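Undergrad: Going down the list, the sequences are from chains Z and C.
Going letter by letter, the first sequence gives residues 1 to 115 in my numbering.
Going letter by letter, the second sequence gives residues 1001 to 1706 in my numbering.
No lab work stands behind these hints, which were simulated from the structure alone.
Bear in mind the structure is a predicted one, so any value in this text is a computation, not a measurement.
Quick reminder that beta carbons are idealized off the backbone N, C-alpha and C, glycines included.
Keep in mind that the hints are not guaranteed to be accurate.
Cβ-Cβ distance ranges computed for the label pairs, FRET-style [stated by the list, open to error]:
| id | chain 1 | residue 1 | chain 2 | residue 2 | range |
| --- | --- | --- | --- | --- | --- |
| 1 | C | L1101 | Z | K31 | 33 to 39 angstroms |
| 2 | C | S1040 | Z | Q97 | 32 to 38 angstroms |
| 3 | Z | E26 | C | D1072 | 38 to 44 angstroms |
| 4 | Z | E85 | C | E1157 | 48 to 54 angstroms |
| 5 | C | D1072 | Z | E85 | 23 to 29 angstroms |
| 6 | C | E1157 | Z | T43 | 51 to 57 angstroms |
| 7 | Z | E85 | C | H1163 | 52 to 58 angstroms |
Within a straight-line C-alpha distance of at most 30 angstroms, the following computed DSS-like cross-link-like pairs (lysine-lysine) qualify [claimed, not checked]:
| id | chain 1 | residue 1 | chain 2 | residue 2 |
| --- | --- | --- | --- | --- |
| 8 | C | K1111 | Z | K31 |
| 9 | C | K1344 | C | K1279 |
| 10 | Z | K38 | C | K1041 |
| 11 | Z | K51 | C | K1041 |
| 12 | Z | K38 | C | K1111 |
| 13 | C | K1249 | C | K1237 |
| 14 | C | K1111 | Z | K111 |
| 15 | C | K1041 | Z | K31 |
| 16 | Z | K52 | C | K1111 |
| 17 | Z | K31 | C | K1119 |
| 18 | Z | K51 | C | K1111 |
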Amino acid sequence: MSELTERMDTYGADTAATMERFLNDEVMYLKCLHIFSKDSGFTDLSSALEKKDYTEAFESAHMLKGVASNLGLTPLYDKICILVEALRRQDDANTAQQYQNICTEKERMIKILLK
Amino acid sequence: MSNFSGKRLILIVDDNQINRLILCRILSDEYDILQAGDGSKALKILAQYADSISAILLDLIMPVMNGYEFLDKQQANRQMSAVPVIVTTQREGTESELNALAHGASDFLSKPYNPALIKQRLANLIKLRETAAFANRIGMDELTHLLNRESFYMHTEELLRNHPGIDYDILCTDVESFRLVNDAFGDDTGDRVLCCLAHTLKSCVSTGYVCRFSGDVFIAVLPHRTNYQTLTAIVDKKMRDCLVQAELKLKYGIYPIDDRSLPVRAMCDHARIACKSIKGKYGTQIAYYNRSLDLCLTEERRMTVEMGPALQNGEFVVYYQPKYELATERLSGAEALVRWQSPKRGFMPPDKFIPLFERNGFITQLDIFVWTTVCQELRKWIDSGHHPVPISANLSRVDIYNQNLPDIISNILAQYHLPANLLHMEITETSYTDNPKQLIETVTKLKQRGFLIEMDDFGSGYSSLNMLNEVPVDTLKLDMRFMKYRTLGGNAGNILFFIMNLAKWLETTVVAEGIETRDQMLFLRSLGCNYGQGYYFAKPMPLKDFQALQINSSCVFPQSQKEADISEPVHNLLSINEVWNMDSDFNRIFNDFIGALALFEYQDDKLLLIRANAPFEKILGYSRAYVGESLTTILCVENPQHFQEELPHAIQTGQPLRENFYTIPMKDSIVHIQLQVISRNTHKTLVLASAQSNLLQQENSPAKQA
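Given only the sequences and the hints, what does the whole structure look like? Please build it.
TA: Right, here's the structure in full:
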């Protein structure tokens, strides 16, 4: 167990499958995490929700969901899924809160994995 | 494209950099990768590299142009649609996946990526596509419906991979002189023979594959056999049934696969080398590959590298083999032969390198070198106050394809101010076999420039007689070793006599090569052979020795054309061609004439019957067995002395000769014969006879009175 994988476990990531996907290349994994933490997809999602452009919001959330799954960030992935499914149903009642939950989870992820 | 490493190329289309990074990380070991951030960029890349891209990994939801739009545009283009697409989706039900398939995608993968699954699906898809493309495009040989070379390689690789415990052989077979079949019986028959051979081989190779490798070469992979007698016997029998008019000789080369790490291509090369090693070897049908055959190939490659510098460094040397006039045993010329004195390999005779140079084209340079050297030496010889004998030099069958050849040779002669009759050109019969039209054209051009053409190794090919009809040669060269070899039954004398006679009709001279004994020389002389060369006279020798020989010999020098004309006065009422052309006026009259006419050849003081017309046959109570018999024998003349005394004079002067014969077959009649020389050249004299038969009761017999 490396320091990184320990922290991934602490965060609740799908460590084993993710490391296999990255061919145990931790440097590259961290690089991807950094890119993801600053992904414009998050701000695109936020502004689309503000504009109530749910199509664009869905596309952004969908993309984030795919990347989160590839990075094995299960807790964040779960929060994104809730918003994606709401947008797919065109149920916009709680989207602001759902987005907020994503941001909180993202911050927690950054704190644990990228400190 | 130069940045690619030669692996298969794939295109990754995803708007997210992280997804692309992950896919690249997973796939870059096995593939070269192109990336696009949206569908529109992907289309541009695809348009440029459609031929090279093996597969596309496509994300569906992207800005600018999404995956569905990309698929629609890609599928609409014939070339681009050939590239298979795998869409990457998220695990969220089948709707988007079905949608993607409906838009033309071949497969789908879901996020998060599973590296093993991605690699396997991609590999499967690419293989499927390539196999299908192969099978459709170039898998089969159109004529025989066997596999072609490329697909044979592929199938054999697979066979060997799937059966590691079974020993296999690669078998190569080749029809000797297949061109003969096409030439003699037509291309359709040739094709039929190839199909028959293909079918037979396929039926003999039940577990394995057979392919048509090229032209008349077939290659098979089959489980190892300790002997191939049964297989070759079956194939030989089938081929005899297939083509009854001629016996086809098949050669087999076998490589028992002992090194599976070799590419199949190299295995096939081994079998082909083995097969080639027995080409033209009578009585040997099967050869196995061994390393020494490979060494030959390596040696040839080395020689190919060294030949150019060797020519520059003066390693090629011209030798001269003296030629003698048989009647007088006087020196009358020489044949120029090239030797390679290599510092590495020592002294090499032509058979060690000429076949290689003919294949790689270097022969033309070497021939030009020989012609130039010969002319240079002739000039020096003349300038030093000597009288030269003509030298014959080879004209390779490869040279005849060179359009500029007559100019090249003429220029060399002009450079040294030599007449064309001092340099004879030797061509081989195989040149005719290769390309008759080209040979006739080249020879005709050379003859127009005054060169004498010699046909080397006459009788060693298959088309001799037909060729003589078409190629205007001046001299036939016969190889005595060849005659011995080919006439184990003891017909050498007959065949030689036939060829000498043929040469007389064609007005060509004959040179016998390879004369080793005095007996051979005397025999050839008695048959009328003009010239000879061989160890009985002299071996090929360096220039200095040949020059010394010329100084110490009494030589026969070539006559100028004028002298030749004066020495042979010719009485021709008719050209020989007129006699032999079936549609000529002479022949029409001869055949339809109401009176009896016959054509004789004057030889050794006798008149030998060539042809007779119908009325003549009637007079004689004619039987065709008389052709070749003498006039006096045919007529059963009781007392031919008077006639025999008169005949030579009449032939010499060309005056008509009248004679009355009392003959045995027609005891009650007298035959009045009138003879007239109608055509004469250096070797042949033709005499026309007209005849009339009268019953004895009507007149007294002048023959009896005489």
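Undergrad: Determine which of the earlier numbered hints do not hold for this structure and return their numbers in increasing order.
TA: none
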